[in-house]
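For reference, the chains in residue letters:
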Amino acid sequence: MTCREFEYFAPASVGQCTALLKTYGSRAKILAGGMSLIPVMKLRLGAPAYLIDINGISGLDYIRETRDSLRIGALTRHHALETSSLVRRKEPLLAETAAWIGDPQVRNRGTIGGALVHADPSGDWGATILAMRGEMKLRGPARERVIAADNFFVDTFTSAAKGNELLVEVRIPVPRRRSGGSYMKLERKSGDFATVGVATQISLDEEGVCDYAGIGLTAVGMTNIRAKGAEAALLGKVPTDSTIEDAAEAASEDASPMSDPLRGSVEYKKAMTKVFTRRGLQLAVKRAKGVA
Amino acid sequence: MKLAKRAPKSSKKRGKKARHVKVSLNGSIFEADVEPRLLLVDLIRDVAGLTGTHVGCDTSNCGACTVLVDGQSVKSCSMFAVQVNGSKVQTIEGLAEDGDLHPMQSAFWENHGLQCGFCTPGMIIQASWLLKQNPNPTDDQIRAGISGNLCRCTGYVNIVKSIKAAAKEMRR
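Taken in order, these protein sequences are the chains called A and B.
With this note's numbering, the residue at position 242 of the first sequence is 226, and numbering never jumps.
Plus 839 on top of the position in the second sequence (first one is 1) and you've got this note's numbering.
Chain B on its own, in the form it takes in the complex (with noise of 0.2 Å):
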């Protein structure tokens, strides 16, 4: 806070000095000229206007804004829109391929792996990654997994269910 007082001079132009991004955000090129402390998750959203990705605690425990940079799983409340810039992005929007639910997305579906629903494109981006480190979890392996993903409505067990269903039609 003192910091920001001590340099007035530049303190204007210093947040207001946007930064162009351009990233894949689910195979489509997306630009946008964006303040440093703009948040991930508010580029996907707010700029982008892809609201699938969640806002839940805003403080990095709960999972809901969870999507893929590079391949790898992150939260996207907890990273800049600026770090992004050349990176993949993928989001719950960029799972299904012509109109086709990706099978994660099928087995959430078919195992009733949600209730009230808000934590699911977390949860199934974070599941989604999972598989990729190891295409036939234990359940136990899942739970740990999905460790960083809260379900308020502790959905748990139907998620785990969707999952390993998931693991099993994916492997075939």
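So that you can see chain A by itself, here it is in the shape it has in the complex (with noise of 0.2 Å):
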């Protein structure tokens, strides 16, 4: 299959890549991993006029860690967030979820910045990224920005970047001690899209209190949305196992699926969202006391 014509380009920085997004705006797209973009060019469901191809922009391919985050360069291939020892010892959620996006070439080519951008609400990031509260910094011609997950996935393939600006980076919060989370996905076949992914990202206080809940959805609604009355339903709690059924029910309730031939109707999507909703937090909490 071959694309439609089109410009290419190869900014060497990010200066120059804003300067092309002011000139050309919204008839160019910008080429990260290309996992998503290439095969949209090539079944020609997208035919940009003109191509910005980042991948020659050193210093956006980072993991540092700050005091009390992480700060991913949005050119950060999966692969290297799936296999980093940092990634694994500060923010393991990150780690579990990159390890079920698509197959092994696609994580070492695909990037976590062109993934958020891409919004695909079948995409597996922005479920985690919402669970932890992380948030995207962008670049724009004149001035940066930075906004929060909440604020950042508006709609069906459509994020909160403009077409001026070039995501530069992620910040994810570190959990706190007595943390735990889970990515859990269910996929009609290795690799597939999910049919229904659910991050979950949970602290305990001392006396075993959950005071912090974080629970995104993937492919269970316009875009990953987070489950903010399974959110509820655990705060403030223990999460016992009624308190965890509980949480999953509100799960099912937060999401908003739409039936598809290929990937079940909206109740077996809500009923896979609890079920799933229900052993992620199982396993969250688990490692939140440290016991798995």
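Simulated from the structure, these hints should not be mistaken for laboratory data.
Mixed in with the good hints there might be a few duds.
Partner residues aside, some chain B positions facing chain A, computed with beta carbon under 7 Å [claimed, not checked]:
| # | residue |
| --- | --- |
| 1 | Pro875 |
| 2 | Asp897 |
| 3 | Thr898 |
| 4 | Thr905 |
| 5 | Gln911 |
| 6 | Lys914 |
| 7 | Ser917 |
| 8 | Val921 |
| 9 | Asn973 |
| 10 | Ser986 |
| 11 | Gly987 |
No residue lacks a Cβ here, since even glycine has one placed at the ideal position from N, Cα and C.
Grab the two chains, each in its own frame, and use the hints to assemble them into the complex.
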């Protein structure tokens, strides 16, 4: 399959990139890993007139630790996040999420920044970034701004990044002590898009009471969504089996999936949201207690 | 589609404007002037004439087109040729040295790790990448490692056996 013709740019710096974006605006697309964009172009679902390949920009591929967060360059490949010892130590949920994306070749090439801006509701990163209250740093022609995950996923395939902005960094707070998370995904076959995915991240206080709950959902809404009802069902409570059951039930109410012939009906997806939220929380609680 | 029509004055020039690409292809320098939309797999097969890399699904599912770019396995149907300018590309043709099969190739030969053979170049490239990450993988790790490569003959048992045998040989 052959794409429509386009003009290709390979800027060497973020400044050059934003200058190109300023000139070509919405007629240009940023090419990061290309694992979604190139198939879209080959299938002619999209035909950008200008393609701005950011793979030649150095300094966008990094994982850095600050006092209370990890800062991840937008061009960081999924494989790097899956295998980084820093990530596995500080934010293991990120490594667990990365391992569920596509297949090894896709993870070698695909980037966290590209996946987030693509804003596919079936994308795995969105759920985890919502659960962990990540932030996205965007660079426009004149200024930078930082957007919380809650405000980033605007609609299907639409993020808050404007046509003249480049996502340059993802910032994810490091969980406190007695924290645990999990990413659970139901897929029809290895490497498939999720039927449903659930990211959970919780913290417990000294008495074992849940004082942080983040739950993000994949593929059961117009965007990745935060399961706020499920989070509320956990906060301030000891996560017993019955509390977890209540939260799982709430998550299935938070979900608003569409029926589709490949991955099932609304009822099925809601039921699976409940099952995977329950399993995910059970594992997250064990991890928070240090017993898994 | 609309976008291309809205920019008629440059659209011709845009597509026809060839980009020069220079790569190390299996250790030899290869250069060509290509359209930006030329896929890497088409550069390898149609321009360089190395037809060992196969096109299966052409939608980045099957892995038949897997090659190494700067040591990382990628699906060459989902990259543009212009993106490998200055990179090292290795295909199945670059694995054997001086006529001696790579241990992964020998292991596929000896363990009957192929049936029709269509997926084999991609399988072997991916398996060789996997062993660089993990020289002693379990069966499950092998299966996860080749989960982006489909064998429609479903000959996975012998493929896994072949990769295990190659891993053992390469650890010696």
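Verification of the supplied hints:
no.	hint	result
1	Pro875	holds, 4 Å
2	Asp897	holds, 5 Å
3	Thr898	holds, 6 Å
4	Thr905	holds, 6 Å
5	Gln911	holds, 4 Å
6	Lys914	holds, 5 Å
7	Ser917	holds, 5 Å
8	Val921	holds, 6 Å
9	Asn973	violated, 10 Å
10	Ser986	holds, 4 Å
11	Gly987	holds, 3 Å
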